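> Using the sequences and the hints given, assemble the complete structure.
Note that this note's numbering gives residue 32 to position 17 of the sequence shown, counting from 1, and the numbers run on in steps of one.
Keep in mind that the hints were calculated from the coordinates and are not lab data.
All values derive from a computational prediction rather than experimental measurement.
Misleading hints may appear alongside valid ones.
What the hints assert, rightly or not - 25 angstroms max Cα-Cα, derived SDA-like pairs, lysine to any residue:
#1 Lys124 with Asn216
#2 Lys124 with Glu201
#3 Lys32 with Lys261
#4 Lys220 with Leu165
#5 Lys32 with Leu196
#6 Lys257 with Met245
#7 Lys124 with Gln101
#8 Lys261 with Ala228
#9 Lys49 with Arg33
#10 Lys220 with Pro173
#11 Lys124 with Lys100
#12 Lys202 with Lys220
#13 Lys124 with Ser79
#14 Lys220 with Leu27
#15 Lys220 with Arg154
#16 Lys100 with Phe114
#17 Lys100 with His90
#18 Lys220 with Gln208
#19 Lys202 with Thr212
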Amino acid sequence: MLFFGGNTFYSLPWHLKRDQAYFRGIPFCSGIWKQTVPGCAVACPRTFYAWRSDLDARTNRTPSYLDVGIVEPPHMPWVNDTNEKQGYINCNPDALPVFERTAMSRHAKYKYLLHLEGIAYSSRLSQLMLTNSLVLFQRQPFLEWFYRSLRPGVHYVPFWNATIFANNGSLLDVYDIIDDLRRRDEKDPRDLQRMITAANNFAMKFTTATGRARYLREALTAYRALFIDMDPYLEQFVAGLKAQGKWKEAKDSSVDH
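Shown next, in the form of structure tokens:
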């Protein structure tokens, strides 16, 4: 997954973007969000917000907040044969429409992009940061290799006011957050743009193919330094591969240019 990231930047003038939070994806779910709010035993962010988005559309909620959809029918094998299944259904009780998959270029048509967990972390965050849209990041315990270098309010805006087994959170805080972002954008358009620019700069420096290759090299170099006999071992290992005809000399592919 280290090299599963984007290298293309997608942009659309801010005033032409749709004033909604957007997501399209497979209905993956970690299954960890148990008893976070009353009446919802197992909350799955992707299906929950797909349900809320569909409910808002059916009830003509104005203004519109969400454009969230799943691209496959929800299948949660970890709840199918347990007594948690009904608890999961209670979180999003209506049948969910299934949408077509969309390219990352389409995501740039929206002002806000939801970053939602998958089975664990979702690898799409680095791609979302290569758009000139603002990332709304679902709070979660899962980490990709660069998450600790990101800062809320600097690179993204956090949401998802839920704690496992607390049964007193709210899964609807995203609405208030979008309201606040709309007010901030109207008051000072530079406010949200600073976060978007910071996310763009971070992604272009650290999460494109060049940045990931540099990170991998530094990580492996640091790991090698932990073992005093690493170099002799590698020399012996490579010599064995050469003797078996399984080694090819690589061309210089330095990432420092």
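> So, for every hint listed, does it hold in this structure?
Against the structure, the hints:
1. Lys124 with Asn216: 20 angstroms, holds
2. Lys124 with Glu201: 19 angstroms, holds
3. Lys32 with Lys261: 53 angstroms, violated
4. Lys220 with Leu165: 13 angstroms, holds
5. Lys32 with Leu196: 14 angstroms, holds
6. Lys257 with Met245: Cα-Cα ~18 angstroms, so holds.
7. Lys124 with Gln101: Given that 25 angstroms is the threshold and the Cα spacing comes to 36 angstroms, the pair is violated.
8. Lys261 with Ala228: Holds, at about 24 angstroms.
9. Lys49 with Arg33: 33 angstroms, violated
10. Lys220 with Pro173: Measuring from Cα to Cα gives roughly 22 angstroms; hence the hint holds.
11. Lys124 with Lys100: Outside the cut-off at roughly 36 angstroms; violated.
12. Lys202 with Lys220: 30 angstroms, violated
13. Lys124 with Ser79: 15 angstroms, holds
14. Lys220 with Leu27: 21 angstroms, holds
15. Lys220 with Arg154: This hinted pair holds, its Cα atoms lying about 24 angstroms apart.
16. Lys100 with Phe114: This hinted pair holds, its Cα atoms lying about 24 angstroms apart.
17. Lys100 with His90: 11 angstroms, holds
18. Lys220 with Gln208: 18 angstroms, holds
19. Lys202 with Thr212: 18 angstroms, holds
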